[in-house]
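S.K.: For the record, the sequence lines run as chains P and X.
So my numbering is basically just the index in the first sequence, starting at one, shifted up by 283.
So my numbering is basically just the index in the second sequence, starting at one, shifted up by 300.
A hint or two may mislead.
What the hints assert, rightly or not - With a straight-line cut-off of 25 angstroms between C-alpha atoms, the simulated DSS-like cross-links for lysine-lysine are:
| hint | chain 1 | residue 1 | chain 2 | residue 2 |
| --- | --- | --- | --- | --- |
| 1 | X | LYS426 | P | LYS384 |
| 2 | P | LYS515 | P | LYS337 |
| 3 | P | LYS384 | X | LYS631 |
| 4 | P | LYS432 | P | LYS497 |
| 5 | P | LYS287 | P | LYS399 |
| 6 | P | LYS287 | P | LYS497 |
| 7 | P | LYS423 | X | LYS429 |
| 8 | P | LYS399 | X | LYS631 |
| 9 | P | LYS428 | X | LYS557 |
| 10 | P | LYS337 | P | LYS524 |
| 11 | P | LYS287 | P | LYS515 |
| 12 | P | LYS423 | P | LYS515 |
| 13 | P | LYS399 | P | LYS432 |
| 14 | P | LYS515 | P | LYS321 |
| 15 | P | LYS287 | P | LYS321 |
| 16 | P | LYS399 | X | LYS426 |
| 17 | X | LYS557 | X | LYS429 |
| 18 | X | LYS426 | X | LYS557 |
Hint data in this document are derived by calculation from the structure and do not stem from the laboratory.
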Amino acid sequence: MSDKVQVSIRNLYKIFGTNPQEALRYVLGGMSKADLLKQHGHVLGLKDINVDIKEGEITVIMGLSGSGKSTLIRHLNRLIEPTSGEVFVDGDNVLDYGEDKLRELRRQVMSMVFQKFALLPHRTVAENAGTTLGVRGVAKMDYLKEADKWLDRVGLRGFGNHYPHQLSGGMQQRVGIARALTSNSPIMLMDEAFSALDPLIRTDMQDLLLELQKELHKTIVFITHDLDEALKLADHLVILKDGFVVQQGEPQHILLHPNDPYIEDFVSDINRARVLRVRSIMAPLTKGLVPTDTHGEINIDDTLESMIAKSGGDTSYTYLVTRDGNPVGTLDMSSLVLALVPRVASEEGARQY
Amino acid sequence: MATYDPLFNILGLRNWCDSGSAGSTPASMADLLVSTGVDKETSILDLPFPSLDALNEACGAFWQSRDVTTGVEGGFLAMKDALRVVLDPLTQPLSWILEGALYLFQSTPWFIMVPLLALVVYFASKSIKLVGFVVVCLIGLAFVDLYDHAMQTLAIIFVCAFLCVLFGVPIGIAMSRSNRLQRITIPILDMLQTLPPFVYLIPLIFLFSVTEPKLYGIAIILYAIVPVIRLTDLGIRLVDKDVIEAADSFGMTDQQKLFGVQIPLALPNIMAGVNQTIMMSLAMVVIASLVSAPGLGVLVLRGIRNLELGVGLVSGLAIVLLAIILDRVTKAALARVNAAQKQ
Numbered sequence: 284m285s286d287k288v289q290v291s292i293r294n295l296y297k298i299f300g301t302n303p304q305e306a307l308r309y310v311l312g313g314m315s316k317a318d319l320l321k322q323h324g325h326v327l328g329l330k331d332i333n334v335d336i337k338e339g340e341i342t343v344i345m346g347l348s349g350s351g352k353s354t355l356i357r358h359l360n361r362l363i364e365p366t367s368g369e370v371f372v373d374g375d376n377v378l379d380y381g382e383d384k385l386r387e388l389r390r391q392v393m394s395m396v397f398q399k400f401a402l403l404p405h406r407t408v409a410e411n412a413g414t415t416l417g418v419r420g421v422a423k424m425d426y427l428k429e430a431d432k433w434l435d436r437v438g439l440r441g442f443g444n445h446y447p448h449q450l451s452g453g454m455q456q457r458v459g460i461a462r463a464l465t466s467n468s469p470i471m472l473m474d475e476a477f478s479a480l481d482p483l484i485r486t487d488m489q490d491l492l493l494e495l496q497k498e499l500h501k502t503i504v505f506i507t508h509d510l511d512e513a514l515k516l517a518d519h520l521v522i523l524k525d526g527f528v529v530q531q532g533e534p535q536h537i538l539l540h541p542n543d544p545y546i547e548d549f550v551s552d553i554n555r556a557r558v559l560r561v562r563s564i565m566a567p568l569t570k571g572l573v574p575t576d577t578h579g580e581i582n583i584d585d586t587l588e589s590m591i592a593k594s595g596g597d598t599s600y601t602y603l604v605t606r607d608g609n610p611v612g613t614l615d616m617s618s619l620v621l622a623l624v625p626r627v628a629s630e631e632g633a634r635q636y
Numbered sequence: 301m302a303t304y305d306p307l308f309n310i311l312g313l314r315n316w317c318d319s320g321s322a323g324s325t326p327a328s329m330a331d332l333l334v335s336t337g338v339d340k341e342t343s344i345l346d347l348p349f350p351s352l353d354a355l356n357e358a359c360g361a362f363w364q365s366r367d368v369t370t371g372v373e374g375g376f377l378a379m380k381d382a383l384r385v386v387l388d389p390l391t392q393p394l395s396w397i398l399e400g401a402l403y404l405f406q407s408t409p410w411f412i413m414v415p416l417l418a419l420v421v422y423f424a425s426k427s428i429k430l431v432g433f434v435v436v437c438l439i440g441l442a443f444v445d446l447y448d449h450a451m452q453t454l455a456i457i458f459v460c461a462f463l464c465v466l467f468g469v470p471i472g473i474a475m476s477r478s479n480r481l482q483r484i485t486i487p488i489l490d491m492l493q494t495l496p497p498f499v500y501l502i503p504l505i506f507l508f509s510v511t512e513p514k515l516y517g518i519a520i521i522l523y524a525i526v527p528v529i530r531l532t533d534l535g536i537r538l539v540d541k542d543v544i545e546a547a548d549s550f551g552m553t554d555q556q557k558l559f560g561v562q563i564p565l566a567l568p569n570i571m572a573g574v575n576q577t578i579m580m581s582l583a584m585v586v587i588a589s590l591v592s593a594p595g596l597g598v599l600v601l602r603g604i605r606n607l608e609l610g611v612g613l614v615s616g617l618a619i620v621l622l623a624i625i626l627d628r629v630t631k632a633a634l635a636r637v638n639a640a641q642k643q
């Protein structure tokens, strides 16, 4: 994982309505979303979005419906034009692109996976998976070979000659993912890709995505309304509310340090033991001294859930935390138990959002 | 003394009225009756609607209703020659195609034609049962000596339906891409669809000679092209927005999108339009026998003219049989398209 920023969104505004430029002036003057709608009949879709998407990471954009997340992802490949702002991909401002360069970007650099799959019903699974190459003018023989390779990879070996309607929802979305992978583009946009699937299949698909990502290191922008899914997948989490970014950062950090009642309310419902990892709550070694009275060694990326199982629920234990076999800190089981309690769970009124 | 005399007097148009050639326009039957009859007591209940004729009674210089029809006629006749110069060469190929198709269908011996049609039906429907039905129907028609007439009708329908699709689909596509074009086209389509079929023939008779095949060819095409245009437009507009968005996100060009996504997904609707177009051509080809279109319609016409009840009814039933064949075959083809793209 490098630290190179591949996609960078700067001061992005999107206003829906008949005269967005005029409405933008009111918004810049500080008018709220509700007032803008009431007084001028314009909808503020996105407000001053600044997000850096790093190469090889999964950036998850999370928000409830109407928070503007699907609008935001469509700005990256300009399926929606912004009212103002900039989107840099590999240093180039996408908004300066002409029609040809934009088409080139969509063909070579970004591929997209959709909530409703959006497969072509009249083409076979293999032809669908090869669409992204076929569009570039690759001969059918060649793109079918490449498509078959990726269909294998997503677990659809032997389904190439079926038609989409013969497959279940989960399998159709696998085709959708294979289609995006076949294009070999470095960036993948996933718009609520797993939201239409039932919970078990969704977990399967999340595992599949993480497994693929371990190997391919794509830059993935993933949209979801499900915090569990977001925490499971995200390297970088962006939380949207009413069209602006409430908080963004490392998911564990957001979970432990929510900076907004809206997010606190969100995270209080989460099974923290499964999401939090040892690294987030361990105490670093004091002066590099490795304590000798620990009850065993644990990995820095273990979840707290596995720790509870390992200790048998005994809160008096202390473990030595290692990364790649080297000791880096200690974990006190009593601090683990404290970390499981959300900061504001007991407070009345936190749920008003 | 006519009812509306005071109107013209008040407007001060009396002089203009009398200077008009009050007596020179030919008197209608009503005028004659009035001039011979006695003045009756008039009540308010008898107040005539101020129509052209009623006003003309009061003011001789005013137009009569018949001036409207003669005006239209005069206008059309004045345009006719110029229209002919443009339309005649433009539509001449239609005559050639129709003559060629009629010659081809009639000169091919029945023992080649019937298997050939069976083959076409098989490729369209992939159903042996339907092929059997069509063959039995054709043999039945041939058995009562209606084969030649049926082939003439079929030849005309094939040519006209093909041309309808050839022009109708592109027009429908253009309509689906431009809201303005759709707004302009829809009233025209409405007019073409609601105009009584006989009315199509009236201006065409003046434009072309009755012996030319293109006369009925144009009438059939104008009448039958409407559904294929409408349903192509509708079909393309109904294509799933998500799929279109996906096509955009892969960087498809407009052309790739049209031929790779929109037309294939609109195909069930377009095929439904083709089915309707074929059925409407069949309806029109019977009426077109009034202007020398050959085929089964001629026999129906003979049945009416000469009161030959049997001839009229048998050929009428033969038309029904042809309609069933055409409908079933196109529907079977449509069902195959539908099955291939269930969502």
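S.K.: Evaluate each hint against the coordinates.
M.R.: Hint-by-hint comparison with the structure:
1. Of the supplied pair hints, the one linking X:LYS426 and P:LYS384 is violated, its CA atoms being roughly 46 angstroms apart against a limit of 25 angstroms.
2. At most 25 angstroms may separate the alpha-carbon atoms for a hinted pair to count; P:LYS515 and P:LYS337 meet this at roughly 18 angstroms.
3. For the suggested pair P:LYS384 and X:LYS631, the alpha carbons sit about 45 angstroms apart, so the restraint of at most 25 angstroms is broken.
4. For the given pair, P:LYS432 sits about 18 angstroms from P:LYS497 by alpha-carbon distance, which is consistent with the 25 angstroms threshold.
5. Between P:LYS287 and P:LYS399 the alpha-carbon distance is near 32 angstroms, which puts this suggested pair outside the 25 angstroms criterion.
6. Between the alpha carbons of P:LYS287 and P:LYS497 the distance comes to roughly 18 angstroms, so the proposed pair stays at or under 25 angstroms and holds.
7. Between the alpha carbons of P:LYS423 and X:LYS429 the distance comes to roughly 36 angstroms, so the proposed pair goes past 25 angstroms and is violated.
8. At roughly 30 angstroms between alpha-carbon atoms, P:LYS399 and X:LYS631 are farther apart than 25 angstroms, so this suggested pair is violated.
9. Restraint check: the Cα-Cα separation between P:LYS428 and X:LYS557 comes to about 23 angstroms, which is no more than 25 angstroms; the hinted pair holds.
10. For the suggested pair P:LYS337 and P:LYS524, the alpha carbons sit about 22 angstroms apart, so the restraint of at most 25 angstroms is met.
11. At roughly 23 angstroms between alpha-carbon atoms, P:LYS287 and P:LYS515 fall within 25 angstroms of each other, so this suggested pair holds.
12. Taking the CA atoms of P:LYS423 and P:LYS515, the gap is near 37 angstroms; set against the 25 angstroms cutoff, the hint is violated.
13. This hinted pair checks out: P:LYS399 and P:LYS432 have alpha carbons roughly 23 angstroms apart, not beyond 25 angstroms.
14. A threshold of 25 angstroms between alpha carbons decides the hint, and for P:LYS515 with P:LYS321 the separation of about 39 angstroms lies outside it, so the pair is violated.
15. Proximity of P:LYS287 to P:LYS321 is assessed by CA-CA distance (about 42 angstroms); at most 25 angstroms being required, the pair is judged violated.
16. Among the hinted pairs, P:LYS399 with X:LYS426 is inconsistent with the structure: their alpha-carbon atoms are about 33 angstroms apart, more than 25 angstroms.
17. Taken as a hint, the X:LYS557 and X:LYS429 pair is broken in the structure, with Cα atoms around 37 angstroms apart against an allowance of 25 angstroms.
18. Between X:LYS426 and X:LYS557, the direct Cα distance comes to roughly 29 angstroms. Violation of the 25 angstroms bound is thereby established for this hinted pair.
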